[in-house]
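Those sequence lines, one after another, are chains U and X. Quick note on this note's numbering: the first sequence kicks off at 1 and runs consecutively. Quick note on this note's numbering: the second sequence kicks off at 1001 and runs consecutively.
Among these hints, one or two may not hold up.
To be verified - Quick list of the computed label-pair ranges, beta carbon to beta carbon:
#1 X/1367 with U/25: 55 to 65 angstroms
#2 X/1183 with U/323: 52 to 62 angstroms
#3 U/186 with X/1402: 44 to 54 angstroms
What the hints assert, rightly or not - To give an idea of the interface, some chain X residues facing chain U are shown, with a C-beta separation under 10 angstroms as derived from the structure:
#4 1087
#5 1113
#6 1148
#7 1179
#8 1181
Unchecked claim - Chain X residues, not near chain U, derived (Cβ > 12 angstroms throughout):
#9 1205
#10 1247
#11 1326
#12 1335
Quick caveat, the hints were computed from the structure, so don't treat them as lab data. Please read these numbers as outputs of a predicted model, since none were measured by experiment. Note that CB positions come from ideal geometry on N, CA and C, so glycine has one too.
So the chains spell out like this:
Protein chains: 2
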Amino acid sequence: MPQPLLYSAFVMNTASHILHGLWRRDDGQQLDFNALALWVELVKTLERGRFDVIFFADVHGVYGPPDASFRRPIKAGLQIPSNDPAVILSALASHTEHLGLAITSSIVQDHPFSFARKLSTLDHASQGRIAWNIVTNGLANGARNFGHDDLTPHDERYAWAEEYMEVVYKLWEGSWDDGALLADRTRGVHADPDKVHRINHRGPRYRVEGPHLVTPSPQRTPLLFQAGSSPAGMDFAARHAEAVFLMAPAPALAAQAIAAIRARLTAYGRAADAIKFFQGLSFIIGSTEAEVARRDRELDEAIDHEAMISHLGGVMGIDLEVDALDRPIDTLHTEGAQSLLDWVRASVHGRVPTVRDIGLLASRSSRVSGTPEGIADQLAVWQAAGIAGINVINAVIPGSYIEFIEHLMPVLRRRGLAATGYQPGSLRRKLFGHDRLQAPHPAAAWRGAFSTSHPP
Amino acid sequence: MPQPLLYSAFVMNTASHILHGLWRRDDGQQLDFNALALWVELVKTLERGRFDVIFFADVHGVYGPPDASFRRPIKAGLQIPSNDPAVILSALASHTEHLGLAITSSIVQDHPFSFARKLSTLDHASQGRIAWNIVTNGLANGARNFGHDDLTPHDERYAWAEEYMEVVYKLWEGSWDDGALLADRTRGVHADPDKVHRINHRGPRYRVEGPHLVTPSPQRTPLLFQAGSSPAGMDFAARHAEAVFLMAPAPALAAQAIAAIRARLTAYGRAADAIKFFQGLSFIIGSTEAEVARRDRELDEAIDHEAMISHLGGVMGIDLEVDALDRPIDTLHTEGAQSLLDWVRASVHGRVPTVRDIGLLASRSSRVSGTPEGIADQLAVWQAAGIAGINVINAVIPGSYIEFIEHLMPVLRRRGLAATGYQPGSLRRKLFGHDRLQAPHPAAAWRGAFSTSHPP
Chain U
1 MPQPLLYSAF VMNTASHILH GLWRRDDGQQ LDFNALALWV ELVKTLERGR
51 FDVIFFADVH GVYGPPDASF RRPIKAGLQI PSNDPAVILS ALASHTEHLG
101 LAITSSIVQD HPFSFARKLS TLDHASQGRI AWNIVTNGLA NGARNFGHDD
151 LTPHDERYAW AEEYMEVVYK LWEGSWDDGA LLADRTRGVH ADPDKVHRIN
201 HRGPRYRVEG PHLVTPSPQR TPLLFQAGSS PAGMDFAARH AEAVFLMAPA
251 PALAAQAIAA IRARLTAYGR AADAIKFFQG LSFIIGSTEA EVARRDRELD
301 EAIDHEAMIS HLGGVMGIDL EVDALDRPID TLHTEGAQSL LDWVRASVHG
351 RVPTVRDIGL LASRSSRVSG TPEGIADQLA VWQAAGIAGI NVINAVIPGS
401 YIEFIEHLMP VLRRRGLAAT GYQPGSLRRK LFGHDRLQAP HPAAAWRGAF
451 STSHPP
Chain X
1001 MPQPLLYSAF VMNTASHILH GLWRRDDGQQ LDFNALALWV ELVKTLERGR
1051 FDVIFFADVH GVYGPPDASF RRPIKAGLQI PSNDPAVILS ALASHTEHLG
1101 LAITSSIVQD HPFSFARKLS TLDHASQGRI AWNIVTNGLA NGARNFGHDD
1151 LTPHDERYAW AEEYMEVVYK LWEGSWDDGA LLADRTRGVH ADPDKVHRIN
1201 HRGPRYRVEG PHLVTPSPQR TPLLFQAGSS PAGMDFAARH AEAVFLMAPA
1251 PALAAQAIAA IRARLTAYGR AADAIKFFQG LSFIIGSTEA EVARRDRELD
1301 EAIDHEAMIS HLGGVMGIDL EVDALDRPID TLHTEGAQSL LDWVRASVHG
1351 RVPTVRDIGL LASRSSRVSG TPEGIADQLA VWQAAGIAGI NVINAVIPGS
1401 YIEFIEHLMP VLRRRGLAAT GYQPGSLRRK LFGHDRLQAP HPAAAWRGAF
1451 STSHPP
């Protein structure tokens, strides 16, 4: 029997996350994302269905070039409006017991002192179930929402992220020694002042005195996700991440990305299995091949292809001239889109590829379609490529997850590709067998670093 | 019959908020403040007891002078550790229907773009029950946690706060016009791009492009609390606050503070009743005068007087030389504490006042002791002084609130000093009869200000 895969529900506190246009369907409730009840019911469903994690993507601005009007994303609901995911996690924690709670947060949006306090509070509140997907910032509008003129250059963003990590590690791991909290009612001593330390961080971007305001939470540092695919991003992942989120177009390409990061892991002295890789996939499940084909077609027709293309262009920082969907792609004068257009040309056969095909392929690139047994076969192939977990993209909320749980999970369980029960303890313990980061991870080096027996 | 008073539970996400040392008692659960369950049970109790609001105080640093070791607050648990209150509100919202949810947040701790998004998300999640207690920053360590060398000078902090308010008002009130959200499934239009605006704020401290990432929540701007008592603070309250929190030592002094702020309200063109004043009080309830006296003495003995004095000194920014509790106060060489010491001298009769008396008086200054009927009489006096609400300070959580609800509320209700049921709707509607701020409040001026029919 294979190892069970991990399952994460990949969502966003918005109406249109990845598969755009589906909020228009009657069978989805994602239009109601403002309502806590939608998310509370979803996490109860996920926990009943033995998902490991709910993972909230996030943005801190709107996709588009500096002079964009944002008309298209606003009309499409393309990740705008998008609500703060961090502040709804405690509600989700209070209605679940085991489900991991992961949020994306950019280094541009919160000061690390506030951010560290927020996540420590949540890790306490959830009894150690918090994960953080570390992102720098790829949104020009996001930069301008926070006082910057434009995007910080790519590699400089990673230097910034390194300092950000150093500050939060000092707060999470170093400021309070183990045993600092006494809560001694008889002696009247709440904490031992010799074991609570200022961090006195002074770096290029931040000066932070400390101490951290929150006692060590079950995980201290939350479980660390990351998704960088550039060389600087992979280096960053190899230093810091415990889970890496991929959107590889095929298992072989996932295997390449995994090998590239694993080589870097070794260079940093970390074990080759120190990172678990999650692949983002959406699912079309049918009981027969004919039903699968029909549902595939229905999804293709329900997708908002213009929004798919706008999103892709926004992520790539290019304008894909989405206004004429039937225009042949060979007439596009788009700088920086050659590899994308080559991929479209290679994927379309027997006719001239058009702009619409970009959107169609974008919506299909992460899709796994089949009968439950057929999908299990495909997941086994992803697993053989090195994938440890699936980030399950939805078409509709909660329907896509209910379908996954009711129709796919029983087969995955029978095949040994899904676990049957939860392990006890924190999210890190469930995934790695221990609550706290261990050497040689850089966070672990700060534990005890400010204590008198370990002068800094 | 009088108007019913409003009741707010004044708490903090910490072990020792105002009445210090009581975490040492067996009958309190505030040591467990990391656990969501403590707060969820408390809000359910408060809603059953017909409280209007739970109000979380907050800090973003430790009390003490620049060279302080923080040993004393750490030992006493004096507001350290203290957890982020904002991120637990959604859990509290999901277990209540009517209770207002108020948090303190300083302009130093969050960028206004993130802060506005956070509170809009919470106002949606709670269906319009969020209040914000606006604070600048009085903590030197707090300043140094966020990259500042020391406290920003007092009046400059209020100029900073004015800009902060302008940014969040632009986001909350101006960025999305009413009617911008269409969610039109048939036409496939999620929002009307002509009604979603960038704010393009450029000021001395902030440059924020926008648009706001969250649609207008039930209240748009959360209900605004403030507690400044300096001239600049009272001016700020008169411009922005809808509720002001007082800790007046006596009803006559509350009346003076209220008159001073009301005079300023009129100067800003706002109605004299545009602000509701909340007085902070703790309660000793007994069924006989003898029981009241016994419980008063028991509380005096249970208090950690050193921590009371440290806290007072921390708030005042002075060192009250707390190490010798039995030392006569006349031997203190404390700059800036004359009015405090005069108050202690005036309050102690027939013996030499000592340092301990400072702590004792600090713990008693907000205390109302009596039988339920006697306390109702005293609250009627506070009401006659202009107080609209009581911020109920606890000795123990949840015990103090259970006692208040079981032993005092029935009498207050009979006397017409407490309401019997909840009004429907948002917190602002419950308090003022409408959901959104209205002219001449400065927030209202931004509603529609960016729309094409109202060029900026």
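Review point. Okay, residue 186 of chain U versus residue 1402 of chain X on CB: inside 44 to 54 angstroms?
Key: At roughly 25 angstroms between Cβ atoms, residue 1402 of chain X and residue 186 of chain U fall outside 44 to 54 angstroms, so the hint is violated.
Review point. Does the claim that residue 1326 of chain X lies outside the interface with chain U hold up, using a Cβ gap greater than 12 angstroms?
Key: holds, 18 angstroms
Review point. Beyond 12 angstroms from chain U, beta-carbon-wise, is residue 1205 of chain X?
Key: violated, 8 angstroms
Point to revise | chain U versus residue 1335 of chain X - minimum CB to CB distance exceeding 12 angstroms, so not interface | key: Non-interface label stands for residue 1335 of chain X: nearest chain U Cβ at 24 angstroms, farther than 12 angstroms.
Review point. Can residue 1179 of chain X be said to touch chain U, with a Cβ gap under 10 angstroms?
Key: Since chain U brings no Cβ nearer than about 14 angstroms to residue 1179 of chain X, farther than 10 angstroms, the hint is violated.
Practice item. May I ask you to test the interface hint for residue 1113 of chain X with respect to chain U, counting a Cβ-Cβ separation under 10 angstroms as satisfied? Key: holds, 5 angstroms
Point to revise | Given hint residue 1087 of chain X near chain U, where the shortest CB pair must fall under 10 angstroms | key: holds, 5 angstroms
**Study point:** Least C-beta distance between residue 1247 of chain X and chain U, which was stated to exceed 12 angstroms
**Key:** holds, 23 angstroms
Practice item. Let me know if the C-beta of residue 1148 of chain X comes in closer than 10 angstroms to any C-beta of chain U, holds or violated. Key: Hint holds; residue 1148 of chain X Cβ to chain U Cβ min 8 angstroms, cut 10 angstroms.
Check your understanding: Can the suggested window of 55 to 65 angstroms be confirmed for the beta-carbon pair residue 1367 of chain X and residue 25 of chain U?
Key -> holds, 60 angstroms
Point to revise | residue 1181 of chain X as chain U interface residue, shortest Cβ-Cβ below 10 angstroms | key: This hint holds: residue 1181 of chain X lies near chain U, its Cβ roughly 8 angstroms from the closest one there, short of 10 angstroms.
Exercise for review: State, for the Cβ atoms of residue 1183 of chain X and residue 323 of chain U, whether the hinted interval 52 to 62 angstroms holds or is violated.
Suggested key: The hint (52 to 62 angstroms, Cβ to Cβ) is violated, given that residue 1183 of chain X and residue 323 of chain U are roughly 24 angstroms apart.
In terms of the numbered hints stated before, the structure departs from hints 2, 3, 7 and 9, listed from lowest to highest.
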